[in-house]
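A.B. asks: Letter by letter, the chains look like this.
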Amino acid sequence: MTENMKYWRSIQYQEWTDEYKALIKDEFKTGDSEFTSLQRRDMLKLMGASFALAGLGTGCRRPVDKIMPYSKAPEGTIPGIPKYFATTRPSVFGGVGLVVETHEGRPTKIEGNESHPASLGSASIHDQAAILELYDPDRSKTPTKPFEDGRIPGTWEEWDAFAADHFMALAKKQGDGLAFVFGGEESPTLERLQKSVLLKYPKAAFYTHNPMFPKNSREGTEKAFGTGARVLVRFEKAKVILSVQADPLMTGAQALVNSRGFAAGRKIYKAEEAAGMNRLYAVEAGFSLTGTNADHRLPLSVSQTPDFMKALAHELFPDQFGVANFSDMRFVKALAKDLAKNKGQALIVVGENQAPEVHALAHYLNHALGGQGTVFQVTQAPAIQNKNIADLKDALNKNQIQTLVMMGVNPVYSTPRSMGFLDALKKASTLIHVGLYEDESAQGAHWHLPQSHFLESWGDARAFDGTASLIQPMIAPLHASRSDLEILAQIAQLDSRKGLDLVKATWPAIRFDQALHDGVIAGTAYAVVSKSAAMPLLRQGFGGQVGASANLEILFNLDNKTLDGRYANLSWMQELADPVTKLCWGNAILVSQALAKELGINSRVNTRIYEADVVSVSLGGQAVEAPAFIMPGLADKSVVVTLGYGRENSGTIGNGIGVNFFKIMPANFAMTAQGVQIARLGKIEKLASTQEQFAMNGDAIQEVSVLSLDNRDPAKLRTAQEFAAGEQIEKQALPQMTDAWKYSGNKWGMVIDLSSCTGCNACVTACQAENNIPVVGKDQVMRSRALQWIRVDRYFTGDVGNPQSIAQPVPCMHCENAPCEPVCPVAATVHDTEGLNAMVYNRCIGTRYCGNNCPYKVRRFNYLDYSNSGNIYINPLDKERNKFLQMQKNPDVTIRYRGVMEKCTYCTQRIQEAKIAAKREQQDSNHLPDGAVTPACAQTCPTKAITFGNLNDDQSRVSLLKNGPRNYNLLEELNTRPRTSYLAKLRNPNLELA
Amino acid sequence: MHRGDLVLDEDLVKREDLIRGGLGYHDITEKVCKMAETPFLETHKGWLVGFALAASTLTMFVLAIGYLIWEGIGIWGNTSPTFWAWDIVNFVFWVGIGHAGTLISAILFLFRQKWRTSINRYAEAMTIFAVICALIFPGIHVGRIWVVYFFFPIPNQMDMWPNFRSPLLWDLFAVGTYFTVSLLFWYVGLVPDLATLRDRVKNKAAKLLYGLFSLGWRGSMRHWVHYERAYLLLAALSTPLVLSVHSVVSFDFATAQLPGWHTTIFPPYFVAGAIFSGFAMVQTLMLPARLWLGLKDIVTIKHIENMNKIILVTGSMVGYAYGIEFFMAWYSGNEYESFTFINRAFGPYAWAYWTMVTCNVITPQLFWFKKLRTSITVSFILSIFVNIGMWFERFVIIVTSLNRDFLPSSWHYFTPRIWEPIFLIGSFGLFFTFFLLFVRYLPVIAMAEIKGVIANGDDHHA
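Protein chains in written order, with the numbering used here: chain E, 1 to 994; chain W, 1 to 462.
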């Protein structure tokens, strides 16, 4: 420090030695806890020894925890009774309306809002994981500013003082040199505040940065239907759906809605309904969730897709489109025939990696097929003017920007390295970063301001169809944070800077409490217009995309779990198995088996641990090292990577997990590129997966395909035609040695419709949130100890080059003849009076015999102390992390200690809640009405594939389904008499292609 | 008395003597008591080295158990389909070993197989220690050892019985009963010999202890009458236990519905296997001991050959059982069962299966040759093979059945971690610590009994 130091704290401070600098630099370091750099085992040894010593002297006592009663109870709060509030999760795809369960003011679980058009009562994995984001211990807790090489905490007062001066000065310059970059989430209040900012700083510029922003699709729509036009698709009305390089069931604005609509056309309960079943074609280079659900799937590289589309256009309308050169005309002809046959009910959706022209062509075809108004609608939204990140980089490089405010974005991580954004950023003299985390972009910022989570702040958002809804806080901010709106209001120097006032000012004319209650603001959807699509200009190459080439192409997809990396620090997302690859805790470069052979990649499968060959992936002069994962069904010349991993400043969970493919992404954010080079490095990396893969080597393929599908047939796969022809799902009449137990009251049961299930994993996250299921970490997943109570099994069938994939969610079957029950020596697992196979944690001593004897292997054992380990098995004594995470816990569900078995309970706490509610209303709690109890998985299921209810009630939905022709029991021949049964999966193949 | 005088002794003329070297009553007493009577400071160096090794291994075992309880059984490699692995493999392995002792003592006693007297004490001690090792594993393998008392049918505030339908509970009773009866049987047999030691030792403390445990034995006719009666009764009581205990252990598997476990052949197959492994372990321990303790004349080549014959018979039975399992897997037409057995022999654990078959079925067949079964070296090597093979048999049954069951989605290859071998080796530490203490301080040969079978004619020069 300087010689003219006026005040000093100590001699060392005054001398300002390097040693001392290092000392104070780390003194209040935020973010990573230092302890986590210790190996868990070292830590444990240390702690074990000290605890043992401490224990010797002091004896063991339980830690003292105090429970305080309310001295003044908040109005309407009954301790122990949860309350539910509507809110909205903002997203670049459009806000999703949610209902949040809160216990004594503490939000614990997120569900969908039935009245919201983007939710329809369901919530995606990301919507649900937002609760964990709220309580993430790694969130930033105070404003920070640079200090020496690192950062130190500041205070909001300091910021306020700084902001007052700084923005006053900027205002004098009309805001010259001031720029903002937003995440592109549409919010009326944000738009209003942006206008206020412009009033104050007329020269200020607004940019949008979001790797998830559907740029090509918006441009394509505007090409077809004019500026501001957006297309809403309605799968429920469609008879034939073609998905081209898209994943409409998993990503994008309408994923939940599309899933619901798609499943609606697949709920075939009687043979005579089979003719009405919809048919899904997928043409894709990767293997998307939509692809796994397709009746016909054509692996096709991205670069060949425009030709495919042209060929299809020609087949459909030969008088309008010329002949195109495409190889697999058999597929195209059959497809075109099918589309043409179903005019008015045929729909084509195109993915983001296709140029806008391809989107425009698809819109034209959709329109020409007569689907407007039924299978799709055109709405008119205001055109979006914001400039993008490339413009921002240019402006920075031209030194046009001195003060840059980054609002909830992380461009330092989520821009291609070749773009050179980080260097451009250094040109700004004042960088202000507002975000939930002190992430990569916060590192160089002159001010990092902690942003309030949407569950702790006021706001609003627009859904994909324009419907606005309010965001209301569930809890006061956990940390010293402010919402983006509040900070913007401060910058705009508005008088009213409280979030609630800001939102109210946007919506002066509505019944505010009604809008809060409903979770939507009525009548705010964009107007549906009727427009004819412009005939697309079919240029050669479609926006620079060339035709088939010998080069390898690479696809940059958003990760199904971490998206663009924003959820990388959420352990629920990391541990969730990818719906298609079943990989967790990391990403990989997916290659087809043919390509792997060609390149000599030989990833050995050691069952759930993949010893994957590490390859170097280079593109445009940039290279990364990544494990190669052999994936069936990919186009031979396409490799697929997902963005969203390899974070450096995401927090304890996400740091260093996986590979950051932004590093090799082309500078223009192209989601696909040609000419990628892949070379084996001779190294091996272990990948974790929750399910044994089949496409690894010849033996494994044989085993799984022969056993699981030809003989065991877990999904009892049938075609719609077979079903219509009355083909029976075989059922066995098994002898019962004793009379079945008669349940006088409720007798619970569940049916899972495999035709509806898309395998999206929403049920897994719902269960994890509802039932306090800990995350165990990569090491433990590789030891096959993941704890999720419901798993989604994935089976492939058919050719390795182009297999079909089947998803099968497997919760506890609650067998009537439960094999787990007689073997427990201490009777810790028993039947209850309503037929549940109950697990008594207090009684369990952990012999694990029940797990051995469960043919479905749905029992989960707490091999280690997972519950108290900071949501990942890093360090069981890291109580600091748990302090936040335990606030998420559902108080109605026991936290399991190590050494006990656990499993799906059919959400017994919800059953109890419903029974208590019935009793309160003086109704018969032993005969609850149908629908009174909905387990978490069934509640959130986007396709409503899971039905739960009372089997004693002949008219309950579950009874009706169980009596239907598609019902079957998994492993029925074992005579376990499961209560959870399945409806056999139906496919609807086009017989011309079969 | 001349041995030609009595018709009863006629077979003795033809047969080889059970005890050789012309040992008389006194020689036997001297030979057997020598080790126990050696003053502490003159303890044999070899014994000290062995004991130090065993005791250190035991210490490691105790520490490992401490860590296991502190951290949780996740320190092992057990997974989600393979909920049981080395923990239960070790348990069954040790219980199996614990079979030979009582079989030799009780069944051979009832069948008047007099050759048993040279080895029964040794074998019984081995049984007791093996069962102790066995009992440790189910104890420590549970998730919550601090509530393991839920297992026992003791009155409690929860008003809960254990679940009598669970084979694990039957197991507890079966092994517990077996242990108790074996211990009593062993101890009753020890009483006259303890009295001998009491009468001979010089050390006061030793005299007191031997005196205490010899229960005032004076060798009077009345004592002998009661002793013989008690011994006979205990032998009769133990006999069914020899057969029941491993049958019940096999129920742990046979009553489960898991393919590879759910078979009716298990009880006889397990008992045969247990006797097989027990005799092999007796051989493994006896062959070096008779050398080091100078008991060649008491434990003769005839004993060794007899035991090898039993190993050959039981080994063949075990091999037959392996074959029948395959036959039934095919004959039953049950695809899960067929898959399990194909998977055993040709799946990822084929190496374990073929290790088992080699050690248990193929190598014991060498005992058809008299030359080999009367060779000390061959006997010792083969006994080690059988020990290894029988450990792998339990591994194959438990792990290969569990790691791939009905739904392929649950399959997971089990890999042990560093702790599994530590626990297995640690249990050997416990076993050998007990065993070395036994060899050092107790009569390793049933002196009183053996004196009844020596050819006390001309040769005897008391």
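Don't take every hint at face value.
Pairwise CB distance ranges, derived in the manner of DEER restraints [what the hints assert, rightly or not]:
{"id": "1", "chain 1": "W", "residue 1": "F346", "chain 2": "E", "residue 2": "K683", "range": "22 to 32 Å"}
{"id": "2", "chain 1": "E", "residue 1": "E598", "chain 2": "W", "residue 2": "F346", "range": "42 to 52 Å"}
{"id": "3", "chain 1": "E", "residue 1": "D423", "chain 2": "W", "residue 2": "Y67", "range": "29 to 39 Å"}
{"id": "4", "chain 1": "E", "residue 1": "V64", "chain 2": "W", "residue 2": "Y67", "range": "25 to 35 Å"}
Chain W side only, calculated, beta carbon under 7 Å to chain E, not exhaustive [stated by the list, open to error]:
{"id": "5", "residue": "V148"}
{"id": "6", "residue": "F151"}
{"id": "7", "residue": "P162"}
{"id": "8", "residue": "F164"}
{"id": "9", "residue": "R165"}
{"id": "10", "residue": "W170"}
{"id": "11", "residue": "T177"}
{"id": "12", "residue": "S214"}
{"id": "13", "residue": "F406"}
{"id": "14", "residue": "S410"}
To list a few chain W residues with every Cβ distance to chain E over 10 Å, as calculated [to be verified]:
{"id": "15", "residue": "F83"}
{"id": "16", "residue": "R144"}
{"id": "17", "residue": "L212"}
{"id": "18", "residue": "Q257"}
{"id": "19", "residue": "P408"}
Don't read these hints as lab results, they were simulated from the structure. We put the CB at the ideal spot given by N, CA and C, even for glycine.
A.B. asks: Over 10 Å to the closest beta carbon of chain E is the bar; see if R144/W clears it.
C.D. replies: Per Cβ check, R144/W is inside 10 Å of chain E; nearest 4 Å; violated.
A.B. asks: Can we keep the R165/W interface hint, with Cβ of chain E closer than 7 Å?
C.D. replies: 4 Å, holds
A.B. asks: With 10 Å as the threshold, tell me whether F83/W passes as away from chain E on beta-carbon distances.
C.D. replies: Given that some Cβ of chain E is not farther than 10 Å from that of F83/W, nearest at about 4 Å, it is violated.
A.B. asks: Does V148/W pass the interface check with chain E, least Cβ-Cβ distance below 7 Å?
C.D. replies: Interface hint status for V148/W: holds (6 Å vs cutoff 7 Å).
A.B. asks: Verify the CB-CB distance for V64/E and Y67/W against the hinted window 25 to 35 Å.
C.D. replies: This hint holds: roughly 28 Å between Cβ atoms.
A.B. asks: Against chain E, is W170/W within 7 Å by beta-carbon distance?
C.D. replies: 9 Å, violated
A.B. asks: Starting from the range 42 to 52 Å, see whether the pair E598/E and F346/W falls in it by beta-carbon distance.
C.D. replies: Given a distance of about 30 Å, which is not inside 42 to 52 Å, the answer is violated.
A.B. asks: Take a quick look at Q257/W and tell me if its Cβ sits farther than 10 Å from every Cβ on chain E, holds or violated.
C.D. replies: 5 Å, violated
A.B. asks: So is P408/W really clear of chain E, every C-beta pair being over 10 Å apart?
C.D. replies: Incorrect as stated: the minimum Cβ-Cβ distance to chain E is 4 Å, not above 10 Å.
A.B. asks: For the hint on P162/W, just tell me whether its beta-carbon gets within less than 7 Å of chain E.
C.D. replies: For P162/W, the interface hint holds, since the closest Cβ of chain E sits about 6 Å away, which is under 7 Å.
A.B. asks: Using 7 Å as the Cβ threshold, decide whether T177/W counts as touching chain E.
C.D. replies: Hint on T177/W: violated, closest Cβ of chain E at ~16 Å, above 7 Å.
A.B. asks: Closer than 7 Å between Cβ atoms is the bar; does F151/W clear it against chain E? Give me holds or violated.
C.D. replies: 6 Å, holds
Of the numbered hints given earlier, the model fails hints 2, 3, 8, 10, 11, 12, 15, 16, 18, 19; all others are met.
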